[in-house]
Amino acid sequence: MKKILAIAMALVMMMAICVPAFAAVTGGSNAGNDTIINTDTKKDTDGDGIGDTEVAWYTVTIPATQTLAWETESKDIEYTVASQLKTGEAVKVTVADADSAYKMTSNGGELAYTLDNATFTAPSAVYDDTAKVTVKVALDDWKSAAIDNYTDTLTFTAEIV
Amino acid sequence: MKKVLSLVLAFVLMFTICIPVFAEYVGSTPVRVDGSTVGASYTVTIPATATITWGQTEKSVEYSVYSQLATGKGVKVTVNADADGKMKNAANTAFLEYSLKSGTTEYTTTKSVILSENAEKSSVVVQIPTANWDKASIDNYVGTLTFSAELTNI
Amino acid sequence: MKKVISLVMALVMMMAIMVPAFAAELNATTQSGTATVQTDTSAITGDGTYTVTYPATMNIVWSTATTNFEYKVSSNLRTGKAIQVVVADTGDGLNMLNASNATLAYTLGGTTTGKTTGPVVTDATFNYSINVDSAVWAAAAIDTYSDTLTFTSTVVDA
Numbered sequence: 001m002k003k004i005l006a007i008a009m010a011l012v013m014m015m016a017i018c019v020p021a022f023a024a025v026t027g028g029s030n031a032g033n034d035t036i037i038n039t040d041t042k043k044d045t046d047g048d049g050i051g052d053t054e055v056a057w058y059t060v061t062i063p064a065t066q067t068l069a070w071e072t073e074s075k076d077i078e079y080t081v082a083s084q085l086k087t088g089e090a091v092k093v094t095v096a097d098a099d100s101a102y103k104m105t106s107n108g109g110e111l112a113y114t115l116d117n118a119t120f121t122a123p124s125a126v127y128d129d130t131a132k133v134t135v136k137v138a139l140d141d142w143k144s145a146a147i148d149n150y151t152d153t154l155t156f157t158a159e160i161v
Numbered sequence: 001m002k003k004v005l006s007l008v009l010a011f012v013l014m015f016t017i018c019i020p021v022f023a024e025y026v027g028s029t030p031v032r033v034d035g036s037t038v039g040a041s042y043t044v045t046i047p048a049t050a051t052i053t054w055g056q057t058e059k060s061v062e063y064s065v066y067s068q069l070a071t072g073k074g075v076k077v078t079v080n081a082d083a084d085g086k087m088k089n090a091a092n093t094a095f096l097e098y099s100l101k102s103g104t105t106e107y108t109t110t111k112s113v114i115l116s117e118n119a120e121k122s123s124v125v126v127q128i129p130t131a132n133w134d135k136a137s138i139d140n141y142v143g144t145l146t147f148s149a150e151l152t153n154i
Numbered sequence: 001m002k003k004v005i006s007l008v009m010a011l012v013m014m015m016a017i018m019v020p021a022f023a024a025e026l027n028a029t030t031q032s033g034t035a036t037v038q039t040d041t042s043a044i045t046g047d048g049t050y051t052v053t054y055p056a057t058m059n060i061v062w063s064t065a066t067t068n069f070e071y072k073v074s075s076n077l078r079t080g081k082a083i084q085v086v087v088a089d090t091g092d093g094l095n096m097l098n099a100s101n102a103t104l105a106y107t108l109g110g111t112t113t114g115k116t117t118g119p120v121v122t123d124a125t126f127n128y129s130i131n132v133d134s135a136v137w138a139a140a141a142i143d144t145y146s147d148t149l150t151f152t153s154t155v156v157d158a
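Chains as they are written, first to last, in our numbering: chain A, 1 to 161; chain B, 1 to 154; chain C, 1 to 158.
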């Protein structure tokens, strides 16, 4: 009997020691255990830890001059498009003749041409690759043109869509 | 007469000299505090949100711990990032990869008793390399850091 | 050594000055720019190409006073150029000869010196004629007479 009581007492004393700790993670989101991290869409330029300058940018680099060798029926003009825009946005580039006549001219002569791929829209907001517009001159037009230096001006226009 | 007076004076003097001695008993009784039934406690305070400016490659997220634990016990805090390591935009169509800096994802307190006014502080560092920023479309990305705490021996 | 270094430095400075033409750059601030498209004729030698087509033989029916012929010119020349064609006798006089060297005099009429109107023509046609006077026919023994005409073409200024 005494031994049983002693063991019982020992057990009771052990349970008395196993007291659960009161624990808390406080201040967090959700159930209190989470810190939500989120990004700003502005960069911090003045070092105060707060975003102050929009970061969206794009650059379209176009060539100064493109030359077609005589009787070249098709010439690709490459240009580069680089961008980092907001999700869902993209750079769109449109190429057109400055005077809408689509004719290269020389001293008194004209050489008609057309443009293929005159419009390009980048496939994503973040993009860095080349695009091209194609100048096409029909062989008959070459044959009908006096041999000379013909020029025209193409206008490239970029916008965010 | 003189003899009587002198006897009286002597008797009086005897009383002045005879300081009464109280009876005392010398023994010992142990004084003991029993903390076995006292509940230990700790609190880890974390921020609800942390904002990272665009292009910021490291962001320190601070948290604090105070506790009253059994002797030899401390609090170990562990921080976990999103399982896929990606912050996401609201539409879940764009992602920004991030990681937690090695060495900052765990912290163990140095004492069993830490007062709230002197809470121990630590930080977990969120890392986003520039290359990850450069390939992400500009958006508001959100991720979740989960804090867990447990008792440990110190 | 100092002279060598100074020469090298001069070359390096020259190359630094020879800055290539930059392409234009469009961005949020500058949304439009221009590029020049131009033709290059450097691969073309001379003034271009042309063709003169003329009859291999000119048959004249006996007693015909005037027999008409034509030559044609097609050309693709540089701006400001044209083709000139001269039809002439080979230099032995406007006489057809038979096997016995008897002569049958004739004249050339029409456009014996033709010039295209511009650098680019397609089958520009020029008419000329071979004329034999009736008296010459009447005095000629009936035979086969022949002569040779030369077509000389040159690129000239238009």
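Because the hints were derived from the structure by calculation, they are not lab data.
In this text the structure is predicted, and so the values were computed from the model without any measurement.
Note that CB positions come from ideal geometry on N, CA and C, so glycine has one too.
A hint or two may mislead.
So, partial list: chain B residues that the calculated Cβ filter (under 8 Å) puts toward chain A [what the hints assert, rightly or not]:
hint, residue
1, I46
2, A50
3, A83
Okay, the hints, checked on the actual structure:
For B:I46, the interface hint holds, since its Cβ comes within 8 Å of a Cβ in chain A; the closest pair sits about 4 Å apart. A hinted interface residue such as B:A50 counts as satisfied when its beta carbon comes closer than 8 Å to some beta carbon of chain A; here the least separation is about 5 Å, so the hint holds. Using the Cβ-Cβ criterion of 8 Å, the hint placing B:A83 at the interface with chain A is not satisfied: the shortest such distance is roughly 13 Å.
Of the numbered hints stated above, the single one contradicted by the structure is hint 3.
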